[in-house]
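Please take these sequences and the hints and turn them into a complete structure.
Quick note on numbering: the sequence shown equals residues 661 to 923 in this note's numbering.
Any given hint might turn out to be false.
To be verified - Straight-line Cα separation of at most 20 Å, SDA-like style, residue types lysine to any residue; simulated pairs:
1. Lys741 <-> Tyr729
2. Lys699 <-> Ala863
3. Lys699 <-> Tyr869
4. Lys895 <-> Val674
5. Lys699 <-> Glu761
6. Lys699 <-> Leu662
Calculated directly from the structure, the hints in this document are not laboratory data.
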Amino acid sequence: MLSIFLASLALGLVAGLLAGLFGIGGGLVIVPVLAFVFKEQGYPPDITLLMAVATSLATIILTALSSVYAHHRLGSVIWQKVWRLSPMIMVGSGLGAVVAERIPADTLRLILVAFLLYVGIQMAFQLKPKPGAAAPPLWLDGIAATIIGLMSAIVGIGGGTLTVPYLVYGNQPMRNAVAISSACGLPIAIAGTASYALLGWHATHLPDYSVGYVSLPAFAGVGLTSILTAPLGAKLANKLPAAHLKRYFSVLLWVMAAKLLWH
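Right, here's the structure in full:
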């Protein structure tokens with residue numbers, strides 16, 4: 661337990677810094693690294709990635725709270741849109757946990773690899789969403805929110821890489837889209853964490869100090885340090901060449917995808 665906690669402290673430092681620097685959730689880094697850590701600790705292969713995803717979502721609850729508060733103070737969160745998306749986002753997130761538990765571990769690994777490659781390409785080529793002509797109707801918001809919640813819970817992220825493009829396409833200014841996306845990350849994380857905890861509640865082959873599929877030592881380690889370094893990353897974002905750094909980060913995502921694919 662101690663080795664997982666210490667490794668998670670170091671991971672949280674890096675994940676928080678990257679989240680603040682690039683404006684993306686730390687889950688993109690947390691999930692693959694935790695999967696490697698759990699594997700080295702001898703966790704059963706069929707639950708290694710599942711526990712990494714569940715634990716990542718639990719840590720996002722903490723980072724999302726601080727992020728939402730910061731955006732709210734700046735007046736960037738359009739709460740009406742958040743309330744409109746949140747119910748189906750939570751439904752999708754719960755469904756995503758059920759899907760992730762039921763599909764084979766290798767399939768879950770390939771989904772995560774594909775998502776890391778997708779985000780890596782987005783960042784390497786600086787691809788940005790184009791604004792649409794009008795705000796989407798209620799039914800489209802519902803479908804999009806369900807898909808965002810579903811995919812986010814499967815790969816263990818707060819959904820920013822999916823929510824922001826959809827909101828910009830729906831004619832939201834980028835500043836508001838990022839703020840709304842941060843707020844929507846909280847229901848994704850809460851619903852996903854609760855679902856993974858309940859789904860694994862009666863599992864008999866889980867490691868000690870787990871609540872369902874959520875690893876408490878890893879949650880505590882990542883949560884403690886990521887909250888500290890996320891504000892630092894946000895400050896550095898204004899001083900460092902973000903475009904070049906995003907390309908370097910995309911290479912890191914591809915390396916992690918390759919490592920997951922290889923193993």
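For each hint, the structure was consulted:
Our distance criterion of 20 Å between C-alpha atoms is met by lysine 741 and tyrosine 729, whose separation comes to about 16 Å. Pair hint lysine 699 plus alanine 863 holds up; C-alpha atoms about 18 Å apart against a cutoff of 20 Å. With a C-alpha separation of about 16 Å, the suggested pairing of lysine 699 with tyrosine 869 holds against the 20 Å cut-off. Proposed proximity of lysine 895 and valine 674 is supported: the alpha carbons are some 15 Å apart, at most 20 Å.
For the proposed pair lysine 699 and glutamate 761, the alpha carbon gap of about 18 Å is at most 20 Å, so the pair holds. At roughly 15 Å between alpha-carbon atoms, lysine 699 and leucine 662 fall within 20 Å of each other, so this suggested pair holds.
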